[in-house]
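A.B. asks: This is what each chain is made of:
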Amino acid sequence: MREEDVDLFNRVQAQDEAALEQLYDRYERILYSFSFRVTNNKFLAEEAVQDVFTKIWTKQRNFDEKKGKFSSWLLTMARNTCIDLLRKRKETPYEFEERDSIQSKEPTPEDQVEWKERGEEMQSALKELPKEQQEIIELFYFKGMSQSAISKTCDIPLGTVKGRVRLSLKHLKGILTKKRERGVYEDG
Amino acid sequence: MAKQCDRLIDYFNNQLTEREREAFEIHLGECASCQEELAELEELTMDLPFGVDAVEPPEDMKDRVLSNVKNVNQVKDNAQSSDTTTKVTDIKDKKDMPPLKKKKSWYKPLIVATLTLSLVGNGVALIYLNQEEKPESTAPSEPEQEEVSLDTLSQKHALQPSEGVSAQATALMIEQNNHVNLVVQAEDLPPLSGEEAYQVWVLEDGTPYRAGTFISSEDGTGAVSYVMDYDKEYNFDTIAITKEPNANSQQPQGDILLSSPL
Ligand SMILES: [Zn+2]
Chain A
1 MREEDVDLFN
11 RVQAQDEAAL
21 EQLYDRYERI
31 LYSFSFRVTN
41 NKFLAEEAVQ
51 DVFTKIWTKQ
61 RNFDEKKGKF
71 SSWLLTMARN
81 TCIDLLRKRK
91 ETPYEFEERD
101 SIQSKEPTPE
111 DQVEWKERGE
121 EMQSALKELP
131 KEQQEIIELF
141 YFKGMSQSAI
151 SKTCDIPLGT
161 VKGRVRLSLK
171 HLKGILTKKR
181 ERGVYEDG
Chain B
1 MAKQCDRLID
11 YFNNQLTERE
21 REAFEIHLGE
31 CASCQEELAE
41 LEELTMDLPF
51 GVDAVEPPED
61 MKDRVLSNVK
71 NVNQVKDNAQ
81 SSDTTTKVTD
91 IKDKKDMPPL
101 KKKKSWYKPL
111 IVATLTLSLV
121 GNGVALIYLN
131 QEEKPESTAP
141 SEPEQEEVSL
151 DTLSQKHALQ
161 PSEGVSAQAT
171 ALMIEQNNHV
181 NLVVQAEDLP
191 PLSGEEAYQV
201 WVLEDGTPYR
211 AGTFISSEDG
221 TGAVSYVMDY
231 DKEYNFDTIA
241 ITKEPNANSQ
251 QPQGDILLSS
261 PL
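Just so you know, the sequences run in chain order A and B. All residue numbers in the first sequence are consecutive under our numbering, ending with 188. All residue numbers in the second sequence are consecutive under our numbering, ending with 262.
Among the clues, some could well be false.
[Said to hold, decoys possible] What the simulated footprint calls covered on chain B by chain A, stretch by stretch (three residues with Cβ under 8 Å from a Cβ of chain A suffice, anywhere in the stretch; the number is not a length):
#: 1; region: 8 to 18
#: 2; region: 40 to 52
#: 3; region: 59 to 67
#: 4; region: 214 to 227
[Stated by the list, open to error] Okay, derived cross-link-like pairs now, EDC-like style, lysine to aspartate or glutamate, Cα gap no bigger than 16 Å in a straight line:
#: 5; chain 1: A; residue 1: Lys42; chain 2: B; residue 2: Glu43
#: 6; chain 1: A; residue 1: Lys170; chain 2: A; residue 2: Glu135
#: 7; chain 1: A; residue 1: Lys55; chain 2: A; residue 2: Glu21
#: 8; chain 1: A; residue 1: Lys88; chain 2: B; residue 2: Glu196
#: 9; chain 1: A; residue 1: Lys173; chain 2: A; residue 2: Glu128
#: 10; chain 1: A; residue 1: Lys127; chain 2: B; residue 2: Glu56
#: 11; chain 1: A; residue 1: Lys42; chain 2: B; residue 2: Glu56
#: 12; chain 1: A; residue 1: Lys88; chain 2: B; residue 2: Glu56
#: 13; chain 1: A; residue 1: Lys66; chain 2: B; residue 2: Glu43
#: 14; chain 1: A; residue 1: Lys170; chain 2: B; residue 2: Asp47
#: 15; chain 1: A; residue 1: Lys116; chain 2: B; residue 2: Asp47
#: 16; chain 1: A; residue 1: Lys59; chain 2: A; residue 2: Asp7
#: 17; chain 1: B; residue 1: Lys62; chain 2: A; residue 2: Asp7
#: 18; chain 1: A; residue 1: Lys55; chain 2: A; residue 2: Glu28
It is worth saying that the hints were derived from the structure and are not from the lab. All C-beta atoms, glycine included, are put in the ideal place defined by N, C-alpha and C.
Given the sequences, and given the hints that come with them, work out the whole structure.
C.D. replies: Next comes the structure, spelled out in structure tokens:
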């Protein structure tokens, strides 16, 4: 049976190299793919992945099971690192592009069950959002932009950014919930 | 407190300065609506990372990352021992000198680490700065270092401090995939305050071009890797580091702290 993430994590914190490798294998692709999406740079993406594992290995970060899923915790850590790395680089103007046209698709690996299940749903839900809401989510979440940068990029008043972010995310959640309900009926 | 409430997005996106973040966290402890909205943002974004397309990691990334991660402890030990021993020759006499086998095992990954621009905190920078001392300290009695492929390593420069400056830095220019990556690693830097940042410049006939921004840590070390991707070919003749009022200077405003001809 698959060892729980938390158990692996605890072993890694106890400097167990085998556990480190296992945890690495389990999350390498999602962490790298996600970091690449945020930074759009393979060096920075690798640096972010390394930083995440270094923080775990050196016990700079502690995982609290009460605060949610291990995978989400790991990905949040990667996202924060990516934002830091991006901030340290020169500012490059960002242009909104449609993802599908610029990214070569690789099949999601079969063993990444969680990714596959949650990912397909998410991708199709994102596509159902109006363009402006897709862009807000892209800039806010995937680019980790500041409120003022979002306001400038989208040419909207600063005071409306938070509201639009929340609205877009809630809309996305609504679409996802509908999809899941439909999924349940179809299966049943 | 409406002003603090407006910082939620920048807090979530890690865009606040340390002072702003601390102030916001105090506010967060008292403001129910911010707590609620933060929890909501966390919940609503939780599944988003799974919506990205799979990208194949570089083939050798696993080896690099794992060896760099495991080496962090050894770097710390190494940094500590060189802090307490001021002279290189002292290291040779130390009884707790790591055996050759151990040394080799970290010597090789450190080159790889430098080449791939993996700078975890200042760990890799420390390894790199210590690297030259190592072979020297063991050379008299021990066999040659294992051959390490350096074919992508193009140039290395030691930057000279300006008068009255005690900082040290090295610059490594690495050709990789038709890009030049510039890795600058510095130590003994004077402290920064507020928004100040260190800026690396490369100059052609006195015209500066930005080549990486970094901040120093408490112990005065700092490092940055930068892909030199400019709009045309340049013949850079100088590299320099200045202290700038913030990370966005398009022209140097501070004096040159360190520099080297290229
Ligand atoms: Zn508030």
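A.B. asks: Is A/Lys88 within 16 Å of B/Glu196, Cα to Cα?
C.D. replies: Within the cut-off at roughly 12 Å; holds.
A.B. asks: Are the Cα atoms of A/Lys66 and B/Glu43 separated by 16 Å or less?
C.D. replies: holds, 14 Å
A.B. asks: Given the proposed pairing of A/Lys127 with B/Glu56, does the C-alpha separation stay at or below 16 Å?
C.D. replies: violated, 23 Å
A.B. asks: Holds or violated: A/Lys42 and B/Glu56, Cα atoms, limit 16 Å.
C.D. replies: holds, 10 Å
A.B. asks: Does B/Asp47 lie within 16 Å of A/Lys170 when you go C-alpha to C-alpha?
C.D. replies: Measuring from Cα to Cα gives roughly 13 Å; hence the hint holds.
A.B. asks: Tell me whether the statement that chain A covers the region 8 to 18 of chain B is true, taking a Cβ distance below 8 Å and needing three residues at minimum.
C.D. replies: The restraint on the region 8 to 18 of chain B holds, since 6 of its residues have a Cβ under 8 Å from chain A and three suffice.
A.B. asks: Is the Cα-Cα distance between A/Lys88 and B/Glu56 16 Å or less?
C.D. replies: Violated - the C-alpha atoms of B/Glu56 and A/Lys88 are around 25 Å apart, more than 16 Å.
A.B. asks: Straight-line Cα separation of B/Lys62 and A/Asp7 no greater than 16 Å?
C.D. replies: Judged against 16 Å, a Cα distance of about 21 Å means the pair is violated.
A.B. asks: Tell me if the straight-line CA distance from A/Lys55 to A/Glu28 falls inside 16 Å.
C.D. replies: Holds, at roughly 15 Å.
A.B. asks: Please work out if A/Lys173 and A/Glu128 have their alpha carbons no farther apart than 16 Å.
C.D. replies: Holds: A/Lys173 and A/Glu128 sit about 11 Å apart, inside 16 Å.
A.B. asks: Three or more residues of the region 40 to 52 of chain B near chain A by CB distance under 8 Å?
C.D. replies: That given contact holds, which follows from 12 residues of the region 40 to 52 of chain B lying within Cβ reach (below 8 Å) of chain A.
A.B. asks: A/Lys116 and B/Asp47 were given as a pair; does the straight-line alpha-carbon distance stay at or below 16 Å?
C.D. replies: holds, 12 Å
Hint compliance for this structure: hints 5, 10, 12, 17 are broken, all remaining hints hold.
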